[in-house]
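**Student:** Line order of the protein sequences matches chains A and B.
Residue numbers for the first sequence follow this note's numbering, so the first one is 366 and each next one is one higher.
Residue numbers for the second sequence follow this note's numbering, so the first one is 366 and each next one is one higher.
Since the hints were made in silico from the structure, they are not lab data.
One should not assume that every hint holds.
Since the list gives no way to pick out one identical chain from another, each pair is judged satisfied if it fits inside one copy or across any two copies.
[Unchecked claim] Here are the simulated DSS-like pairs of lysine-lysine, each with C-alpha atoms no more than 25 Å apart in a straight line:
| id | residue 1 | residue 2 |
| --- | --- | --- |
| 1 | Lys529 | Lys402 |
| 2 | Lys506 | Lys412 |
| 3 | Lys387 | Lys412 |
| 4 | Lys402 | Lys387 |
| 5 | Lys506 | Lys402 |
| 6 | Lys402 | Lys412 |
| 7 | Lys402 | Lys426 |
| 8 | Lys529 | Lys387 |
| 9 | Lys412 | Lys426 |
| 10 | Lys387 | Lys426 |
| 11 | Lys529 | Lys426 |
Computed from a predicted model, the values in this text were never measured in an experiment.
Number of protein chains: 2
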Amino acid sequence: MTTVADNGVNVQALLEAREVLKGAPEAAQFTWRASSKWENGVHSSVKIQNFFGLGEEQNHKTEAVFDADHPEIFAATDNGITPIEYLLVGLASCLTAGVASVAQNRGIQLRSVESTVEGAHDIRGMLGADSDVRNGFNDVKVTFTIDADASRQEIEALVAQSQKRSAVFDALTNPTNVTVEVA
Amino acid sequence: MTTVADNGVNVQALLEAREVLKGAPEAAQFTWRASSKWENGVHSSVKIQNFFGLGEEQNHKTEAVFDADHPEIFAATDNGITPIEYLLVGLASCLTAGVASVAQNRGIQLRSVESTVEGAHDIRGMLGADSDVRNGFNDVKVTFTIDADASRQEIEALVAQSQKRSAVFDALTNPTNVTVEVA
């Protein structure tokens, strides 16, 4: 390479972190947190600010607040996107972060990375109209459009490697134990 | 009941929709969509506005835009919450919407519904530090605190029924097929 790719990802720091955490697994144990408050109807607001990691309490720079609701065609107030749409936000952004990180590591300069995500959902499940229909997505499709100093094959390899390491891709394609309790 | 519970959920409309969709499964096929744009580093922005359902194109009242990034301790810019935290936003809001809906259907007046969600995450997986560690959450715990005109047993039953019908709970606890392609 005659020019150095700069996608704004500090890959050196990530590679160093990987080496450090190999010998310090306890520091790699993170806890991400959200706190939710019912507003009215099916509208709620969810706050995120602090989390635990690297052995101590951590904070995002600012507190983020997200509204979730159902659309008007469900006789609701549409004061925010639906809960299941938040999964698409997480999936798209996780895979995009991965593409940028892998590209940086491989010395590939990105110019633009866009994606569309589509989640197919048969709402008879959650409505209880048909017990054979699952509540969640039937399937999800992500389509990337990437402009980079790389061949199509190299771009496809970026996306494949991002998928392989994606936290959200794993969380959606494999089961996770979720416990729900009343305090 | 001498007073009528009002949690702001139009349960009658939902019950009618359930009956209508039993005989019109094609109308129940929804497609939720997100479009993502890489900003810089691992920062991306994701837009949500339109979706397909009830046989035609639909729109949220307003377009919503969400930023995702990694925190400063990952040598990133923290211009938004992390992608995996968006899954917690979806989970908390989906279960909360369910609690409100089920309470309305059962004639239970809610006064407040709060929840905290904690997702345990060993980041060695996504960093590639240990191939035996998964990329996503190890497990997720949701804890509700609910003030309502109901016994503890009734409140626990509300939460259990919400979980049973939750789209996001299903999406996280059961596998979904996700395909990722380059256009």
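**Student:** With reference to the structure, classify each hint as holding or not holding.
**Tutor:** Against the structure, the hints:
Only between protomers do Lys529 and Lys402 lie at most 25 Å apart by alpha-carbon distance; the minimum there is 20 Å, versus 34 Å within a single protomer. Taking identical chains as interchangeable, the C-alpha atoms of Lys506 and Lys412 lie at most 25 Å apart only when they sit on different chains, with a minimum of 16 Å there against 28 Å within one chain. With identical chains, the CA atoms of Lys387 and Lys412 are never at most 25 Å apart, being 32 Å at best within one copy and 36 Å at best between copies. With identical chains, the CA atoms of Lys402 and Lys387 are never at most 25 Å apart, being 38 Å at best within one copy and 32 Å at best between copies.
Taking the shortest Cα distances, Lys506 and Lys402 sit within 25 Å of each other only across copies (16 Å), while inside one copy they are farther apart (31 Å). Within a single copy, Lys402 and Lys412 get their C-alpha atoms as close as 8 Å, and across copies as close as 24 Å, so both meet the 25 Å cut-off. When the C-alpha separation of Lys402 and Lys426 is checked against a cutoff of 25 Å, the pair qualifies both within a copy, at 22 Å, and between copies, at 22 Å. In this homomeric assembly, Lys529 and Lys387 come within 25 Å of each other (Cα to Cα) only inside a single copy, at 19 Å, whereas the closest approach across copies is 39 Å.
Taking the shortest Cα distances, Lys412 and Lys426 sit within 25 Å of each other both inside one copy (13 Å) and across copies (22 Å). Proximity of Lys387 to Lys426 under the C-alpha cut-off of 25 Å is found in neither arrangement, the shortest distances being 27 Å within a copy and 48 Å between copies. Taking identical chains as interchangeable, the C-alpha atoms of Lys529 and Lys426 are never at most 25 Å apart, the minima being 29 Å within one chain and 36 Å between chains.
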